[in-house]
Each structure stands twice: as C-alpha cells, then as structure tokens.
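S.K.: For reference, the chains in residue letters:
Protein chains: 2
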Amino acid sequence: MKLPALLLALAHLHGVLGLWPLPRSLQTGSSALKLASNFDIHVNIAHAPSDLGSAIARTKSFLKNDKLGRLVVGRGTLDSNVVQRAGSLRTLELSLAPGSPVRSITDEARLPIGTRSEEYALHIPADGFTATLTANSTLGLLRGLTTFEQLWYEASGQVYTMETPVSISDSPAYPFRGFMLDTSRNFFPVSDIQRTLDAMSWVKMSQFHWHVTDSQSFPLEVPGFTELASKGAYASSMVYSPQDVQDIVAYAGARGIDVMIEIDTPGHTAIISAAHPEHIACAEASPWTTFANEPPPGQLRLASPATTNFTADLLASVARMFPSSLMSTGGDELNTECYVQDPETQADLKASGRTLEQALDVFTRTTHAAIRAEGKTPAVWEEMVLEHNVTLGNDTVVMVWISSANAAAVAAKNFRIVHGPSDFFYLDCGAGEWVGDDVANSWCDPFKTWQKSYTFDPQANISASQAHLVLGGEQLLWTEQSGPENLDSIVWPRAASSTEVFWSGPGGNSTTALPRLHDLAFRMRQRGVKAIPLQPLWCALREGQCNINS
Amino acid sequence: MKLPALLLALAHLHGVLGLWPLPRSLQTGSSALKLASNFDIHVNIAHAPSDLGSAIARTKSFLKNDKLGRLVVGRGTLDSNVVQRAGSLRTLELSLAPGSPVRSITDEARLPIGTRSEEYALHIPADGFTATLTANSTLGLLRGLTTFEQLWYEASGQVYTMETPVSISDSPAYPFRGFMLDTSRNFFPVSDIQRTLDAMSWVKMSQFHWHVTDSQSFPLEVPGFTELASKGAYASSMVYSPQDVQDIVAYAGARGIDVMIEIDTPGHTAIISAAHPEHIACAEASPWTTFANEPPPGQLRLASPATTNFTADLLASVARMFPSSLMSTGGDELNTECYVQDPETQADLKASGRTLEQALDVFTRTTHAAIRAEGKTPAVWEEMVLEHNVTLGNDTVVMVWISSANAAAVAAKNFRIVHGPSDFFYLDCGAGEWVGDDVANSWCDPFKTWQKSYTFDPQANISASQAHLVLGGEQLLWTEQSGPENLDSIVWPRAASSTEVFWSGPGGNSTTALPRLHDLAFRMRQRGVKAIPLQPLWCALREGQCNINS
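Protein sequence lines correspond, in order, to chains P and X.
The UniProt record's numbering applies: residue 1 is where the first sequence begins, and numbers increase by one.
The UniProt record's numbering applies: residue 1 is where the second sequence begins, and numbers increase by one.
Bound-form chain P, shown alone (with noise of 0.2 Å):
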C-alpha cells in the first residue's frame, strides 16, 4: 500500500494539523490514530466541579458532531484504508497535578488576571493506550479539552487524526487574551453573547469586555438605578437583566472567560440624562461636533459633588453584578468644550476652587474608590494616563486604542497594558462611514486583515524591565455599523488572530497559519458560529495553492 504512506507524507508535510492557537510546545507523529466507538473522558479528581463535568459534555459533542473533513482534495476519505488498520483511543484520562487546589473552571478563570492557572500537558500514544491531560487547575484542563477537539477529524464515519503521537505542553505567553463588545451603539440579544464566548472559548480566549454602555443606550439593568436602563435602553426588549448578567458570567465562566465590564465614565454618558438630566452637561448642545466625538452630546457633570456621588454609587452597583477583579471605568475622549460651556460645570469649579484637571482627579479617585470597596482592580482607557493627569492606583489596567505607538508611553508611566490598538485590533475599520451626510471612508481605514493583526508585536519599544507590564491584548467591535446580523461575520475568524499572537506568543508566520485557521472556521461553522471564508474553498483544499510564492 504505497499510496497512503505518501499521502500520510504529505498530510504531515502540509501541516494540516488543525490546533488554533498553537500550543507553545509540540510534537506529533504520523501514525493514525481513530476514536473508539465507546471512546470515554474519565476524570481523576475527587469532588470534580460540575462545570468540568460540562467542558467533557461539550468536547464529547464536538468530537461526535464537528464531522469535519480534513482539508485537503478528497476532504480525507483516501485516509480511510490506514485508519481502519489504525489503532483505536479508548480513554482520555484528566488529573490535576498532585497538591493543586480543586477549583471549579469558574472560579478559576475569575481570580486576578496574572495569578491564573492554565497551562497543560497533553498527551495521546500512538498505539492508543489511553490518552493523558494534565493540569494545575480545572481551567488548565479546560484549555487541553480546548486543543483535544481540534485534533480530529472524520472521514467515512470515523473520528481520527494522523499525526499520533501527540505530545503538547503548553501555557499562554500573555494571560488578558480578549474580545470587546460594545452593546451600546446597537443591541445585542443575550443568545448573540452567548454565542461569542462559546467562539471565545474555542480560541482559549480568557477576557470578555464588555463595553455595555455609551451615550446612544444604556442596556444594563442596575439594581437601584433601574430608571437609567427604563429611560435609556432603545427599547423595554433591549435590556440585560440582573438575571441576564448572571447567565452571561456563568456562561463564560465556564468557558474560561472572565467578564470586564466598562461603564464608560465621564465622557460616553449622554443617555443617562433620559433619566438624570441633572448629571449630564451638554446633553442638547449644538453643533454635537464641538462636544462629542460621536452624537449624541453629553458627559457626566465630573466637577459636581453629586454627580460624582451618584456616579461612585452606579459603578459600585454594577460592580456587584460582576464577579471578576476588573472593571473598567472608561475614561476616553473627554471633551473640555462641554465642560467650558456649561454653567453648572463652571460654578462647581469656581464653588471648589478647582481645575477641570483637578477635577476630573476627584471625580477618578471617587469612582475608583468605589469599585475597590467592591473588590475591583480599575481598568482604564489611555487617555486617563497619556492625556491626564490623575491619580490612579499603580495597579490600574491601562488600555492602549488610540495607536500601538502609544503603549510605550504608558509602559514608562509603569502601568499595566492591554493592547486595543485601532492600527491592529479594531475589526469595524474599513467598512465606510456611519455619520449620516460624510461619504468619506472610515476614520481608522483601512479594514484590519487577520494577517494584520497577526503581526502584532505586544512588546514593540516597550524595554525589558517594563516587559512585565504587558497583560496582553483584545480585538475590539464597536457596533456604530454592527449589530446581531454581522456580528459573527465581522468576527470571526478574524479575532482568533490576535489570541495566537497572545496565547503562542507573536512572530508567527501568516502564510503558514492559514491553514489552521481554516481549519478552525471551518468547526466554528459546524458549531453554529458563522466564521466567514477567507479564501475560495478551491484554495482552502489546496494549502499554498493560492500563494503569490507558491
């Protein structure tokens, strides 16, 4: 049988093992391998949580559903003569590594980013004796799950790979590998988060932003200022619940996903004043373009004293809605020109005797004051830093958007990083211009490639001894021309790039990496997520057929 050796050859060749993001430590082999039909996940672990129990239920599904023909001519059926002779798994066995604390995924996966446990070690013989996960924690299992679903594929009723023995150590390069919604400029139904984080968790995403506020709609339901979401949501069905939030951070949890939420503060806040007019200056000023970036109009009054209280009050209640450590309380675009103009702003300055900057200092170390009591670590847009100067705890979390050149600068006011850089990561570039009467193309034109943003360089003129600083990064959608019909199209696979770069770590070779990443669209769509071609299937069947340098 000279032919399947040859192609068993070239599969290897290829390197069409599917794995997104590659694991930072891998070796295979090429020997077949197939799923037993009574293939089972045992679990060596006293007391197990019932969300690993749920992870095993799901990657057992995976395995019996994604049906994925491998992608090359003949999508896999020629393999079917070597399988048949291959041997057959019968067991995944998971452990934890003697003296690790037995934490549910959840629980793990919202302790304070850095101190999170994900790393593990795969292992699957070739002859297929039984296959070994091990880990430090439950969430680490999750993640070896994670790449276990990715090694097989079917052809003529069987589940297998060709590339045995596998043996995969891996652990992230960056812990904050995340995705950022914004569910204020148009609404997104619960299902459509859902169903993002489960497109998360496939690409062990560990970071869900949640952007769930603006000046266009508030969304949130907060206990206590229930009238905000009543006067500010674009409609009664157009609101996440208390109970809504719950679901959405027990969903992700175990997934392995920790849920920031932003209100973003004090800029951004327009449509509170639906319901507080008294706490928003600006809100009717004309034309918008002299106070906002974008319309409607509108801050949080930040230099009065009830304002702030009312503001210190909103955050601490949403931050008891949210389990994880972070929380971000925006802090972008400010716009001084509503302040200069609004009287009331003017008088409360002049009653303390302070600057709008000293201001703005009061009304930060307030809020975050605030979240704190509530356990919280703020997290910030750069502005807060680069712009302003206020004081902020030396463990804020500072987020880079307005260029990646920016990050160094933050890195040498010794604050924590994430990368949202708009040159790389922002995925509603390119796509023209939403403002009603410009036909000009995008502000961030043009569009951001997955290639693009595979090049991302995280310590890029960040030095050495600041090298620590950086927490990883995001790709952002804001929805200005988004909403529940494009949101998986503009996605995905798209924002799988940036968590390579964060998981493998950067430097990675797009051409190379097409493949894979063809290979994970092709089971986020067999998993009900609707990833997009990248190239014609011609192409996708035919790795490096469709280089220039082929």
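What the hints contain is simulated information worked out from the structure, not anything from laboratory work.
Treat the hints loosely; a few may be bogus.
Note that the list lumps identical chains together, so a pair holds whenever it fits in one copy or between two copies.
[Claimed, not checked] Straight-line alpha carbon distances no greater than 35 Å define the calculated DSBU-like cross-link-like pairs of lysine-lysine that follow: (1) Lys413 x Lys60; (2) Lys452 x Lys350; (3) Lys231 x Lys413; (4) Lys413 x Lys350; (5) Lys67 x Lys452; (6) Lys67 x Lys413.
Computed from a predicted structure; not experimentally measured.
Following the hints, position chain X against chain P.
M.R.: Showing chain X alone in chain P's frame:
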C-alpha cells in the same frame, strides 16, 4: 389635541416615508389612514395568472408581519391617538389598463430586456375609500404591490400610514437593475439564492446575473455534460441540479426577476480540466501568476475545433436550462501567455494558419451562434470589445467592470452597456486580500460604501446620441471571501443603492436617502434577510442628528 398634529407635521417634514427605490412621481399628504382589519386586495382581471395571486399573498403577509414601528423616538406609539380616529382602508383594487395583454409576472419578467412593462400607478385616498393600483402588465402590478408594502407602519396593533393621500406614478429609468453572484469560488445553497432573490424583488431589481462557474468549481449539472459537475464541483452536495435551476428561475420569475446565466469562457474555466483535460490549456502550469489572475490557471483551448465545438454544445445545453433571452459567455481576463506556452494551442494555430486573435474570433462567433440558436442574446465582459477584436452581433450586451471610465469606450463602439464597474459596484472590495501569502489590502480598495455606489452616473461621459445604449447596471459579489455566512451582511442594504440609481435615476442625495435606507434595512431584517445596521439605532431613530452638518 395639539400634540398629535405637531407630531404629524414633524413626521412629514422629516420625510419618513420608507420607499426604496423612490418612485419617479410621488405626492403624499399628511392624513393618517389605517388598514381595516378585513383589508383585502382585489384583482379586477379576468383569468389572472397564479403568480399574481402569489404576489398578492406575499404582500398581505408582509403587511401583517412587517410590524415596523416608525423610525422615530417612541417608534410611532404617539401616532396612536390620531390613527384611532383615522379612516380605514378596506380594499386595494388591482387592474390592468384596457387592452393590456394578460401575461404572468414570470413571462413578462423574461421578455427581452427593454421590452418589459414595469410602470404602474398607485392611488391611496385619504378617506379610506378604495385604493387603486393600475399597470400595463402584471409585472407592473408586482412593482406597485412592492411599493404599497413599504408605505405602512405598525403601532399599538394598528397598521397605518401618516401620509395619505398617496399618488404615485412610477416606472424605471433603466430596465437592467441587477445583482451578480459568483457561486464558483464559494458555494451557496439554493435557499441562499432564493433569499437573495426575495431581497432583490423588494427593491425592484429585475436581473439576477448568475456567475455560476469559474476556474475554482463547476457546480452546475448540465444535461449531457454531467461529468463537469460530478468531477468539478466542490462536493456532490455543492451542485445545482436541473431541478434546482428550475426552482431558482421559477422563484425569480414570480418575483419579477430574470436570470441571466453566465458560463465564463474561454478563461476562468480551469476546473473543466477535472473532467476534460483535453480541452484546457495550462491547467498544471506554474507559477499560476504567469497564467491567470487567480489560481488555478487553465483556459479553454480556444484554437481547437474540438474544444470550440465542445464549448458551443455545452453553452447550448446550458442555454436550454434557462428561459431568459440573455446569456453571458464571459470573456474577461484572457491570459495570452497560457496559449503561448501551450503546445496544443500552438499546433492548432499553426494548422489553421490563424493568429490567437483570429482563433478567438472563430471561437466567439461559434459559441455565440450556438446560444443564438437557442434564442439567447449574448452578454460579454468588456475585454471582448475593448481588448480583443472579435466579431459580435450589434445587439450584444457588454458588461463594464474594470473601471467606470471604460463605459464611454464601449458606447463609442455602439454596444449596449450594463454597468458593473469595480470602482463603484464591487461589494467584495476593501476586506483584505485573499491570496495566501499576500498581506496587502484588496486590489480594489477601498470598500465601496452605499453612498459611493449611490453617486454613480450611468450616463457619465456617454454622448446623448449613445445614451440609449445604457441598459442599467448591477452590484456584484465575487466570493473569494464570501459564503453563506456573510452573503446577507455584505450585500444588504448596500446593493439597494444601485437599484435606486437605475430605477429612480441618478443624482439622489445620500444624506436625505439614508432614513429611507434604514427603513428598508429594518423591513429586510423582519423578513429574514440579515441587512446590517448603517448607523447606531440612536441615529436611525433621529433623522439628521448624526450628520456632521446637522
């Protein structure tokens, strides 16, 4: 009751009437009118065709299920008082002008381009007396029903309009208002095509240009040539059977849409080599960049009499599958180097004593004769006229794609024109490059916004004496990076832009058109087509407030 009157006035000033495309003649009043609970549509036509009955049933279903709240703050709930007291419309009466032939919508839609009757007149009185829709054809009645559907909103359980009396006299500026879909680079199930036809009909498109095959795959089962699909489709599940074709053309016809099939020749045919390697030059040639604009290379051996006859027979068989009087034989991007390096072609040229251009002329005359024998008028891409010197019947339709500037040169040669210029109408541009190792942006950057398409002038640089040559135009989706996953979101509502240009005429103002386009996108979503948001909902509910010059 001062408030409702004020609201009414505002509503009218703001022009919320959600018609798309805009009728050529439109008068509206400011009286409210609701649909009676027993509203019905009567047909005053003896032996009315069944597809008119189906169209009426769809209209009644949309009136019931669109449930579109007006795109204003409050979604029209404040209209309720006025609507309660308004008259009720019980009947819309449809009739044909005396002497009009009673043809089905389907038959009228398949008449030769330029001879179909699409004009109609619609009158809705303010008092609730019978509304009337008259036309010279059932196709005209369909267009009028489509307009009628767009007049109504729902609030508090009432279906109503605030703008009666309505008087519309309407007819298209151009007969060819099209959309092109490439089903070769990636495959689309029949249901996706039918959903696209639905959306096309809602904006009065008349022509589906089906680029069914290309070099990547051959998904069409052609009687007598079934080996092309069985060996050249991506999978047996990715084939359009003759029954599928019948279903698609019937579905289109009933919706007033003619289907122009394209079998692109002699280039863009590499996949034919899977079944007939003898007919394809340079199928294995390398590097592909020398022999084709996209992989895989491979073109019909146009100098071979056998290949020419094969192609003529194939095209004739395809022609018999489609009732349209138009059929495209393609003709774009012919690569001459492929033939220079093909020994068989060189031998054929030598044997016949022809140059390549002369052989192309013979090939084209032969294949066009074959489809003319089946009653088809050929359509070709612009290169057949501008880059080659082939003999074409003077009724040939030429599709301009490389640049909008090229239309003038085609007109100068006295050919009929369909505008499909990449610089205005290519829906795939601006989303990155699909070539595997080229991280550049797309060749036709930037993204073509709906506003850009909307500025298209069909008569630009065309002399008055050639003006009659312009049949219309189409927006096009080449599917290197599209599949069912993003079909709706990449096409809608953008592709509605050109249909307003070609129905209502050019010169529209995109700023004032935007609210109508929002309205259309909302209706599309409620009818199951995932049209994307063009703005935050905050803006969509507040006409003009997200303009820079507001």
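S.K.: For every hint, state whether the structure bears it out.
M.R.: Hints, one by one, checked against the model:
{"no.": "1", "hint": "Lys413 x Lys60", "result": "neither (47 Å within a copy, 65 Å between copies)"}
{"no.": "2", "hint": "Lys452 x Lys350", "result": "neither (49 Å within a copy, 50 Å between copies)"}
{"no.": "3", "hint": "Lys231 x Lys413", "result": "neither (40 Å within a copy, 63 Å between copies)"}
{"no.": "4", "hint": "Lys413 x Lys350", "result": "within (31 Å within a copy, 76 Å between copies)"}
{"no.": "5", "hint": "Lys67 x Lys452", "result": "within (31 Å within a copy, 42 Å between copies)"}
{"no.": "6", "hint": "Lys67 x Lys413", "result": "neither (50 Å within a copy, 54 Å between copies)"}
Consistency note: the structure conflicts with the earlier hints numbered 1, 2, 3, 6.
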